[in-house]
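**Q** By the numbering used here, the letter at position 111 of the sequence shown is numbered 372, and the numbering carries on one by one without gaps.
The hints are simulated quantities; they were obtained by calculation from the structure and are not laboratory data. Among these hints, one or two may not hold up.
[As the list claims (entries may be wrong)] In silico SDA-like cross-links for lysine to any residue, where the CA-CA straight-line distance does not exceed 20 Å: (1) Lys274 / Leu368; (2) Lys339 / Arg311; (3) Lys365 / Leu343; (4) Lys365 / Glu273; (5) Lys365 / Ser405; (6) Lys331 / Lys341; (7) Lys365 / Lys333; (8) Lys333 / Glu273; (9) Lys339 / Arg326; (10) Lys330 / Val374; (11) Lys341 / Val312; (12) Lys330 / Pro340; (13) Lys341 / Asp380; (14) Lys341 / Gly353; (15) Lys365 / Gly353; (16) Lys330 / Leu343; (17) Lys333 / Leu368; (18) Lys274 / Lys339.
[Unchecked claim] Distance windows between CB atoms, simulated: (19) Arg377 / Ser286: 24 to 30 Å; (20) Glu346 / Ala398: 29 to 35 Å; (21) Asp277 / Ala334: 33 to 39 Å; (22) Gly344 / Ala275: 14 to 20 Å; (23) Glu350 / Gly313: 38 to 44 Å; (24) Arg315 / Ala398: 21 to 27 Å; (25) Asn329 / Glu350: 22 to 28 Å.
For every residue, glycine included, the Cβ atom is placed at its ideal position computed from N, Cα and C.
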Amino acid sequence: MSLASVRAFFAEKAPDIAVIESEMSSATVALAAQAYGVEPARIAKTLSLRVGERVVLIVAAGTSRMDNKKVKALFGEKPKMLGLEEVAEITGHEVGGVCPFGLKTPLPVYCDVSLRAFDIVVPAAGSTHSAVRITPARMAELTSAEWVDVCELRPAEATSA
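Model the full assembly from the supplied sequences, consistent with the hints where possible.
**A** Written out as structure tokens, the structure is:
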């Protein structure tokens, strides 16, 4: 269902963007970078968080790390990562395929400024074997995302997931 909901999202809102599929798993940043032939930082990872009573998605560069203090300062409460079952139940996407497109439940989406370093990024597309190539600005526009600064960049060689 998840890949289908992402395909439907793009068919309706951005028919010029094609979902690409890989035989290789793209469930982690390192695997996705290998599967789609890009550096790990270009993988746009989607973090599913609970902040107080709210669930939010933060999309960030693959080699960045969420800064809990910055997230708490922005939202006023400490963030907690959603559990595996909760992620799938709320977003409609399995872990490793979570993206801000074709969501089961409308959620606020935030794009971290770390994405702005790239002309094209590669977020997942609802499954562990699918993605899209998109500009960060277009992704933010299509998902009505707000730009935020809540991550710290890490060197690519220090990134394993």
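**Q** Evaluate each hint against the coordinates.
**A** Going down the list of hints, with the structure as the test:
A threshold of 20 Å between alpha carbons decides the hint, and for Lys274 with Leu368 the separation of about 17 Å falls inside it, so the pair holds. As the CA atoms of Lys339 and Arg311 are separated by approximately 9 Å, the hinted pair is consistent with the 20 Å bound. For the proposed pair Lys365 and Leu343, the alpha carbon gap of about 15 Å is at most 20 Å, so the pair holds. Of the supplied pair hints, the one linking Lys365 and Glu273 holds, its CA atoms being roughly 16 Å apart against a limit of 20 Å.
Our distance criterion of 20 Å between C-alpha atoms is met by Lys365 and Ser405, whose separation comes to about 16 Å. A hinted pair counts as satisfied when its Cα atoms are at most 20 Å apart, and Lys331 with Lys341 qualifies at roughly 13 Å. Simply put, Lys365 and Lys333 have alpha-carbon atoms about 26 Å apart, too far for the 20 Å limit, and the pair is violated. For the hint pairing Lys333 with Glu273, the CA-to-CA distance comes to about 35 Å; that exceeds 20 Å, so the pair is violated.
Between Lys339 and Arg326, the direct Cα distance comes to roughly 15 Å. Compliance with the 20 Å bound is thereby established for this hinted pair. Using a Cα cut-off of 20 Å, the hinted pair Lys330 and Val374 holds, with the two alpha carbons roughly 16 Å apart. Simply put, Lys341 and Val312 have alpha-carbon atoms about 6 Å apart, close enough for the 20 Å limit, and the pair holds. Taken as a hint, the Lys330 and Pro340 pair is honoured in the structure, with Cα atoms around 9 Å apart against an allowance of 20 Å.
At roughly 30 Å between alpha-carbon atoms, Lys341 and Asp380 are farther apart than 20 Å, so this suggested pair is violated. Distance check on the hinted pair: Lys341 and Gly353 sit about 19 Å apart at the alpha-carbon level, within 20 Å; holds. About 5 Å separates the Cα atoms of Lys365 and Gly353, which keeps this hinted pair within 20 Å; it holds. With a C-alpha separation of about 18 Å, the suggested pairing of Lys330 with Leu343 holds against the 20 Å cut-off.
For a cut-off of 20 Å, the pair hint linking Lys333 to Leu368 stands: about 18 Å separates their Cα positions. Distance restraint check for Lys274 and Lys339: the Cα-Cα separation of roughly 33 Å exceeds the 20 Å cut-off, and the hinted pair is therefore not satisfied. Taking 24 to 30 Å as the suggested C-beta distance range, the pair Arg377 and Ser286 conforms, at roughly 28 Å. Separated by about 33 Å at the C-beta atoms, Glu346 and Ala398 satisfy the suggested range of 29 to 35 Å.
For Asp277 paired with Ala334, a C-beta distance near 37 Å keeps the hint of 33 to 39 Å intact. Hint check: Gly344 to Ala275, Cβ distance near 31 Å, so the stated range 14 to 20 Å is violated. A hinted range of 38 to 44 Å for the beta carbons of Glu350 and Gly313 is inconsistent with their spacing of about 19 Å. Judged by the Cβ atoms, the range 21 to 27 Å given for Arg315 and Ala398 holds: they are separated by roughly 25 Å.
A hinted range of 22 to 28 Å holds for the C-beta pair Asn329 and Glu350, which are about 24 Å apart.
The structure shown violates the earlier hints numbered 7, 8, 13, 18, 22, 23.
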